[in-house]
Amino acid sequence: MIKSQLNRPHRLLAVWRDERFLRLLGQIVFLAILAAFLGYLARNMLNNLRQQGIGLGFDFLPLTAGFDIGEHLIPYDRSQSYLRAFEVGLLNTALVASLGIFFATILGVFFGITRLSSNFLIQSIARAYIEFLRNMPLLVLLIFLYTGVFIQFPRVRQAITLPGPVLISNRGIAIPWGMPADTFPLFLRILGLGILLAIGTGLALTWLGRRTGRAPLVWLWGILIFIATAVVGWFALPSAPLNLDIPAVQGLRLAGGQQLSPEFMALLTGLVVYTSAFIADVVRSGIQAVAHGQVDAAKSLGMSGFHIMRLIVFPQALRVIVPPLTSQYLNLTKNSSLAVAIGYPELFHVAGTVNNQSGRAVEVIVLVMSIYLSISLLTSAFMNWYNRRVRFVER
Amino acid sequence: MTRKTFSLFSLVTIAAILVAACGGGATQAPQASGGEAQATPVVETVEVIRTVVVTVEAPVAAATPQVQIQVAQAPGFGETLKSVQARGNLICGVNGQLPGFSFLDPDGKYSGFDADFCRAIAAAIFGDPTKVEFRPTTTGERFTVLQTGEIDVLSRNTTWSLVRDTELGLNFTVTTFYDGQGIMVPKDSGLATLKDLEGGTICVQKGTTTELNLADVMATAGVSYTPAVFDDVNATYGAYAEGRCDAVTSDKSQLSSVAKGLLPDPDNHVILDLTLSKEPLGPVVRQGDDQWFDIVKWTIFATIAAEEYGVSSTNVDEMRSTSTNPEVKRLLGVEGDLGPKLGLTNDWAYNVIKQVGNYAEIYDHSLGENTPTYIPRGLNSLYKNGGILYSPPFR
Chain L
1 MIKSQLNRPH
11 RLLAVWRDER
21 FLRLLGQIVF
31 LAILAAFLGY
41 LARNMLNNLR
51 QQGIGLGFDF
61 LPLTAGFDIG
71 EHLIPYDRSQ
81 SYLRAFEVGL
91 LNTALVASLG
101 IFFATILGVF
111 FGITRLSSNF
121 LIQSIARAYI
131 EFLRNMPLLV
141 LLIFLYTGVF
151 IQFPRVRQAI
161 TLPGPVLISN
171 RGIAIPWGMP
181 ADTFPLFLRI
191 LGLGILLAIG
201 TGLALTWLGR
211 RTGRAPLVWL
221 WGILIFIATA
231 VVGWFALPSA
241 PLNLDIPAVQ
251 GLRLAGGQQL
261 SPEFMALLTG
271 LVVYTSAFIA
281 DVVRSGIQAV
291 AHGQVDAAKS
301 LGMSGFHIMR
311 LIVFPQALRV
321 IVPPLTSQYL
331 NLTKNSSLAV
341 AIGYPELFHV
351 AGTVNNQSGR
361 AVEVIVLVMS
371 IYLSISLLTS
381 AFMNWYNRRV
391 RFVER
Chain R
1 MTRKTFSLFS
11 LVTIAAILVA
21 ACGGGATQAP
31 QASGGEAQAT
41 PVVETVEVIR
51 TVVVTVEAPV
61 AAATPQVQIQ
71 VAQAPGFGET
81 LKSVQARGNL
91 ICGVNGQLPG
101 FSFLDPDGKY
111 SGFDADFCRA
121 IAAAIFGDPT
131 KVEFRPTTTG
141 ERFTVLQTGE
151 IDVLSRNTTW
161 SLVRDTELGL
171 NFTVTTFYDG
181 QGIMVPKDSG
191 LATLKDLEGG
201 TICVQKGTTT
211 ELNLADVMAT
221 AGVSYTPAVF
231 DDVNATYGAY
241 AEGRCDAVTS
251 DKSQLSSVAK
261 GLLPDPDNHV
271 ILDLTLSKEP
281 LGPVVRQGDD
291 QWFDIVKWTI
301 FATIAAEEYG
311 VSSTNVDEMR
321 STSTNPEVKR
331 LLGVEGDLGP
341 KLGLTNDWAY
351 NVIKQVGNYA
361 EIYDHSLGEN
371 TPTYIPRGLN
381 SLYKNGGILY
391 SPPFR
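Quick note, the sequences are listed as chains L and R, same order. In terms of the working numbering, the first sequence is residues 1 to 395. In terms of the working numbering, the second sequence is residues 1 to 395.
Please keep in mind that the hints were generated in silico from the structure rather than gathered at the bench. Among the hints, a few may not be true.
[Claimed, not checked] Some chain R residues close to chain L (C-beta under 8 Å, calculated; not the full set):
no., residue
1, Gly200
2, Gly207
3, Thr220
4, Ala221
5, Gly222
6, Thr226
7, Val229
8, Phe230
9, Asp231
10, Gly238
11, Arg244
12, Lys354
None of the values given here were measured: they were computed from a predicted structure. Just so you know, even glycine gets a beta-carbon here, dropped at the ideal spot from N, CA and C.
Hey, can you work out the whole structure from these sequences and the hints?
Here it is in structure tokens:
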């Protein structure tokens, strides 16, 4: 009786003063305001578009694009559709991003390790490299590389010839390249077989290693077997699967070989060196996060410096490195859109042209945003999977 | 019991919030859109509020069509002239960065061919060419500022095309400058025809009609080339100057004026004797106000007719008192009532010629032989002199 009398006023008050209710109320109010605001924006936009006689929809994608794109990995000309132009841009983005991630990782790990070197000179060079690039806006770097380096090379007729031959001119760099011959598809199958053999050997060696307790050189043997298969396949085929195509100056342009335009080279170089500076710091912090006792313990076991790094420090450092490394990869991919300033036809550059020519600003931007979002989410998903794999290394 | 009160109360509260949110959305929309319509009568707003009070769902649906009608209403006959006269000056959209057409002088005044036509319109309305407010606009925003009524007339080297004339809610008045797309190459390159450009690289600005014309023309001629696409004027001509491209393409007027100002060695470049496309440039007005459309049209015709009859700013006073040509008398307001038919005073054309000049004077002032931006008159000569300028009769 007394209890209920005490509770009653408390419960009446609860409506106004119950924190849970107030929180709920706050959230509802916030959501309502947000929904009203977004609805207002959407309706405003639709009204404005309708008023200007502009429709909304992706029906423009199959229309003829009408413009040319300088670099394309898939066949493209002016009579193709806007959709095809988007694909060309997307593939260019994918190309520069994947090459960029590959080289930036190598360069970043290299500088991250040298940054911790006990050699003063090496360490100082690494530090200067990292500090210089980290404090430079990427856009400035890209424009410098483009206007200050890659289009300052000599004109085509006076192109620099390096052994190879590699031709360097302000129209781009041309390197010798293998052109697929008739037997190339067959050779690809042989390579596939090589990979299967290598994996098989690797699994067998791992199993053997577990049985005997000795560490077999799994990767070394796998790679050796793959290379051996490839070499045997190359010479066993009636004709070579790849023909060497040597670049040469031809009229107004460089012909043959693999052409790398100044825009592509400037973008790739800029993205690689810029991101590598950040990756270097990520790697350094990861290495430093491994407790010193671990290194001391390894030393006392008589391990060499290389073995300590490879077997003790690096596997544990990966745990710290992978999550921030993921965001660096995402940054690199997203930063490739800065190519718009130097004219490399990646996704955002092509989208800008499509927008101008078709007048479908909203749809184009929505499309570009969702493509970048998908690329980023895919990259994150892969890196998270990898992170879970390396996470169990400690504890 | 208390629990029930609580749930009931919270339900009511949530319902109240939702009602408020919807109501807020409904009243907000017409207010904001009303601002764009400029002249939303107060009566409209009152009516919307009233409907909101009555129901919750209905006003959202009901308000939208009302707003639509308001916004869709174009400025009616005579409204633009009335508002210009009430304001006391003409607001004229120009490029502002194109020497010879409209360019901000060191003394803070706009000079150039396009700017002078703004002055001519002001002279026709006010008898005073200084009553102009120049508004520099970019390629992207030029049509929007005219649609929304921020400017009265757009005089900004804008190409007249069917899509622009129909889809944008605008009217193209009279072509003041007949231009064509050209190709510029370095003199020492020895390039003279389209065929010579086989395999070459051509610099072009992104998202322009130029980019599309180039693709069309090259596809028709069967010449393969690589476009190097840049975002703005400076990047395009900068890359061309560095030798990134064999040639650069744009409107001939732009090639000769901007390029001459931007290239370090203007004398070493030639514009090829080729015309890739028709680019008729002229002032643009909003659709719906036919009186305003007529005023802008006939002001331009007055300058052309004045050149044809030999009336210029130096002899206009003399011609007004001595000329026996009835057409000249009507033009200068000595005979007839042409001015009032346009809603202007009878000496409107006299003011234009006296204060700004005839077409030849306007042309020579900005693009004549004694200017750094000299462009031969070519097509922009009177029909009597081999050009295509032709004014309908003043009667």
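Quick rundown of the hints versus the structure:
no., hint, in the structure
1, Gly200, "holds (4 Å)"
2, Gly207, "holds (3 Å)"
3, Thr220, "violated (10 Å)"
4, Ala221, "violated (13 Å)"
5, Gly222, "violated (12 Å)"
6, Thr226, "holds (5 Å)"
7, Val229, "holds (6 Å)"
8, Phe230, "holds (5 Å)"
9, Asp231, "holds (6 Å)"
10, Gly238, "holds (7 Å)"
11, Arg244, "holds (5 Å)"
12, Lys354, "violated (40 Å)"
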